[in-house]
Amino acid sequence: MNYNVNKKGYYGEFGGAFIPEMLYPNVEELRQNYLKVMAEPEFKKEFDQLLKDYVGRPSPLYFAKRLSEKYNTKIYLKREDLNHTGAHKINNTIGQILMAQRLGKTRIIAETGAGQHGVATATVCALMGLECIVYMGEIDIARQAPNVARMKMLGATVVPALSGSRTLKDATNEAIRDWINNPVNTHYIIGSAIGPHPYPDMVTRFQSVISEEIKWQLKEQTGKENPDYVVACIGGGSNAAGTYYHYLHEPDVGIIAVEAAGLGIDSGESAATSVLGKEGIIHGCKTLLMQTPDGQITEPYSISAGLDYPGVGPMHAHLAKTGRAEFISITDSDAMDAGLELSKLEGIIPAIETSHALAIFKHKTFKPNDVVVMSLSGRGDKDLENYIDYFKI
Amino acid sequence: MNRINKKLQENKKLLSIYFTAGYPDINDTVSIIQDLEKNGVDMIEIGLPFSDPLADGPTIQDSSTQALKNGMTTELLFNQLKDIRKSVSIPLIIMGYFNPMFQYGVEAFCKKCQELGIDGLIIPDLPVDVYHNEYQAIFEKYGLINVFLITPQTSDERIRYIDSISNGFIYMVSSASTTGAQSGFGEEQTAYFERIAKMNLKNPQIIGFGISNNETFTQATQYAKGAIIGSAFVKHVTNKGVKNIDDFVNNMLS
Chain G
1 MNYNVNKKGY YGEFGGAFIP EMLYPNVEEL RQNYLKVMAE PEFKKEFDQL
51 LKDYVGRPSP LYFAKRLSEK YNTKIYLKRE DLNHTGAHKI NNTIGQILMA
101 QRLGKTRIIA ETGAGQHGVA TATVCALMGL ECIVYMGEID IARQAPNVAR
151 MKMLGATVVP ALSGSRTLKD ATNEAIRDWI NNPVNTHYII GSAIGPHPYP
201 DMVTRFQSVI SEEIKWQLKE QTGKENPDYV VACIGGGSNA AGTYYHYLHE
251 PDVGIIAVEA AGLGIDSGES AATSVLGKEG IIHGCKTLLM QTPDGQITEP
301 YSISAGLDYP GVGPMHAHLA KTGRAEFISI TDSDAMDAGL ELSKLEGIIP
351 AIETSHALAI FKHKTFKPND VVVMSLSGRG DKDLENYIDY FKI
Chain W
1001 MNRINKKLQE NKKLLSIYFT AGYPDINDTV SIIQDLEKNG VDMIEIGLPF
1051 SDPLADGPTI QDSSTQALKN GMTTELLFNQ LKDIRKSVSI PLIIMGYFNP
1101 MFQYGVEAFC KKCQELGIDG LIIPDLPVDV YHNEYQAIFE KYGLINVFLI
1151 TPQTSDERIR YIDSISNGFI YMVSSASTTG AQSGFGEEQT AYFERIAKMN
1201 LKNPQIIGFG ISNNETFTQA TQYAKGAIIG SAFVKHVTNK GVKNIDDFVN
1251 NMLS
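Listed in order, the protein sequences are those of chains G and W. So for the first sequence, this note's numbering puts the first residue at 1; every next one is plus one. So for the second sequence, this note's numbering puts the first residue at 1001; every next one is plus one.
Do not take every clue at face value.
[Stated by the list, open to error] Subject to a maximum C-alpha distance of 27 Å in a straight line, what follows is the list of computed DSSO-like cross-link-like pairs (lysine-lysine):
#1 Lys1069/W with Lys1240/W
#2 Lys1112/W with Lys278/G
#3 Lys1006/W with Lys1202/W
#4 Lys278/G with Lys1069/W
[What the hints assert, rightly or not] If we take Cβ atoms under 10 Å as the criterion, some of the chain W residues that face chain G in the derived model are:
#5 Thr1065
#6 Gln1103
#7 Phe1139
#8 Thr1154
#9 Ser1175
[As the list claims (entries may be wrong)] Sample of chain W residues at the chain G side, in silico, Cβ under 10 Å:
#10 Phe1102
#11 Gln1114
#12 Glu1115
#13 Leu1116
#14 Asp1125
#15 Ile1150
#16 Asp1156
#17 Arg1158
#18 Asn1167
#19 Tyr1171
#20 Ala1176
#21 Asn1244
Derived by calculation from the structure, the hints in this document are not laboratory data. Yeah, the Cβ is synthetic: ideal placement off N, Cα and C, and Gly gets one too.
Pulled out of the complex, with its shape left as it was, chain W reads as follows (with noise of 0.2 Å):
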């Protein structure tokens, strides 16, 4: 079974962090990675940076750009994580932009990443039709699951469709924003998370974009299986380092 299938099995609510790979430092990947599972993290996304990442705000945009600067690369990325099942156990989702996949090869990209233990993929530009036609029997003979993203603005009709192309678990968008624009929840966001709540998916649903604290990841938490944070630990490297993990994690799940 996936790692990402068996992790939703169990009986917690589920804390999973994004981090863009390369940032700060061209080296932090693997480090960072031990570290959040060290502290507790359930599940973590590697973002693979992008020139043009339209769905993220100016904070994963500039940690992109910063680690393409940097020098990372899909092939660099991919070396650094050629022992990481060595060491880590928690599932692992490469997030990241279609068009750097399709440049490796969407197929050599799924088996470098089955090869590396990677579980999952997300990639926010590759619509749900498009990876039904033409790229979901390459997804699943190299065992990966891609995690399909809804918003408050998705019908129902179209999130059973998703739901039904989904087999790990569906990407809560808490409301319609880039990442890192949003603080706290109001009667909207909670509106949205009982509504979805109340359908009864076949996937469990985490939430992301707008947590950023142990506040709104109880809330967001209460809706759904857990809760992604992205914008807010890559801040915390910026301002903190990688060293204080352990700070971030700590105040996240208190």
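This is chain G alone, in the form it adopts within the complex (with noise of 0.2 Å):
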């Protein structure tokens, strides 16, 4: 089974690009690009070195003692909310900022949900002084108030999106709308590995970054590059597909992938896409998504603001199908302990995402000799409003 993307932009059945005519010349162009430009020595040793030196990669990968004691497994993690703005989401927004630059493109623009794929985004158009619009639910500008203001402290225009729902799948709306618009001299750079065809690979190879240094940093550690897990939350499923991506072909690594169940799968407020999702096409790829009988997109549910999402990257989609991924549900309250729980035993707040990620230990029990990789994919700053609301602190 191949779990890479085809030739044709496909994962199994899942993908393409279903896009009006209006973006083909601007997803062609990528399309064909894509590849070309990320192989150059050029651009790769740019990229490395940004990583390195801008976002302070490789991120540690750390044996979690007491959350592993505790289990009674072996739990790495993987640190990517050490990253400068403080998650996996800058490691795609470097590499795409490139991309656009050999692109020739000068007007960059960006969905955000919760707010940080949008302070990642704005943060590479500083560094290189190219223009920044980021398109942003109207509710959600509201929610998150700090990283509306980090954005504009960036130089950034934040523009809210005031259609539908207002909220993140609204922004991708907008954001789209806005290329539509602006044809020739905007690269729209899409937070998640979701999008047409070649977006979802274009992601998951910026975000691969994650898995490789894995290899070596557990090798280095325990003297094996494959754990027994790979695990992940997933909203889209950018910092999953970079978590797994080096791995997607080992078959003695276990793949799990974990949602948001929001206040429970059977609710109606939920995130939950792989159980409550059926195929179908949203925002230029088929895949599992939130849906009415109708065909119509659902509004999800989560605590997470960067988990409730009604689709799911056309991959994830791919690895649910064919059951190579585990997928697990959280909801709300599971994820909010489990976040409070990393804090008092490892000294590490969690975001809210990660917090989905981290509550599977109570859900699923792990052998001792297990090596667990987690990816840490965000820090917990700015949500600490929820857990402050939320636990009355």
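Quick one: dock chain against chain with the hints and give me the complex.
Okay, structure coming up:
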């Protein structure tokens, strides 16, 4: 079984480029060039250099001793939270800003939900001196004021998405509309492993530095490149894609994807796409998505703004469908408890997205000798308000 | 012969109007179609509303959101249209995004369209190659014409390819934009209109996006077989209601 994208842009039956003709030239230009550009020695050099000197890579792989003791297994945390801007998102925005420059683009647009991808995009635009417009749902702007302020400090223009449900999916629609209206000078930096081909593959490749590092770091620490499991939380799925990438075709490595169950799978307030979603088309790709029987896309719910996306990247849809990955869904309350637990046991306050992944230890028992590598995708600073409200701290 | 092909043979410039089914009121669909025909419109695009219409601007998005709130569904639209051919004879096209059709089942959707007397479909997010490889045979089996879009950025080579797959008309998007974003045509657009006109495509072209009044309609139809009006009409029914459709059409054709 092949888990990578094929020549036509599909992962099994998922993926493709379901885009209006207005977007064809932009997406086609990217499709024809992205692999070529990424293979250029100059590009690689600049990308690696920035990841090292600007982002602070390699991010540590940390053996979480107390957490491991508590759950009687061996847990390693891949510290993406220590990256510049506080999450894995910047791996991709660094890659894409360099890509945009190679393609001669002068104007950058992005969508953002919680604001993490928006901040990561605004950051690289400041770094390169490019104009930056970030679309963000009106409701999210109100919920994520500190990140809105960060983007503005970095020189970006934050445009509220006023249509539909005024959250991430609508911000994505607005960004796509902007691209339709500005087809020549603009590059759209999609923040997750979604969108029309080649985006899911391009984003996955930029994020694959995560598993590339895990391999040598784990070998250094344990003598073995392969853990028994790799675990990551999934919204659209970019940190997960990067965490799995170099292990997709290693059959001895189990892959675990953790979705947000919200208030519970059957509560009507959930974002567990692999369970609640059906095959369909969203934002330019065929994948699993949450929708009405009539094919209208529904609004997901999770306490974590980074996981409440109604779809999942096409690679992950393929991993779910083929059974290559085990999907587990975690409720708001289990995630919050796990976030607090990591803070107290390891002195690391995780992003609420990441807390979902951490909560699996309560639901799944690992063997004492299992090596479990988990992507600690982001830090919890942005979520302090949420933690404070929830725990009445 | 399909009603669209027959209409395209008429020796006149065609006025085609888009409206969102289920808007402003859930039960306006049939009366809007009848009024448009009565007032001299040549062809109608019935918009099947979608939650995330990413090729559309705010006017059509808002009308779609409202139509869905009103309770519009694929099944309900088909029910509303069940007797449409008893009173209406001009070509009818359903315009919508691919996901609702995909969920209904593409073949079931096409079959239903044929039963109701729908002549064609416009699906902005169904790319021409996917259509060609996976769905063309189904569309043809049910006698449906699928209409593709081209834009000022579409290469000549791709326009020729789209022309070769098309068997009705080509929907020429007037500028790089979502619907309802433009007002009036400048030199850039007329140069593009001229370029396409000179290509001698086998399919006639109908221009859409940015047609909002008699002036832009006349301008567009100097270069093309007809023009499509969407957002301007949706705005009209938003502001003036559905009783004044004659005003809108008369102004357009005057």
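Hint check:
no.	hint	verdict
1	Lys1069/W with Lys1240/W	holds (21 Å)
2	Lys1112/W with Lys278/G	holds (23 Å)
3	Lys1006/W with Lys1202/W	holds (15 Å)
4	Lys278/G with Lys1069/W	holds (22 Å)
5	Thr1065	holds (6 Å)
6	Gln1103	holds (3 Å)
7	Phe1139	violated (17 Å)
8	Thr1154	holds (7 Å)
9	Ser1175	holds (9 Å)
10	Phe1102	holds (6 Å)
11	Gln1114	violated (20 Å)
12	Glu1115	violated (19 Å)
13	Leu1116	violated (18 Å)
14	Asp1125	holds (5 Å)
15	Ile1150	holds (6 Å)
16	Asp1156	violated (12 Å)
17	Arg1158	holds (7 Å)
18	Asn1167	violated (17 Å)
19	Tyr1171	holds (9 Å)
20	Ala1176	holds (5 Å)
21	Asn1244	violated (27 Å)
Violated hints, in rising order: 7, 11, 12, 13, 16, 18, 21; the structure is consistent with all others.
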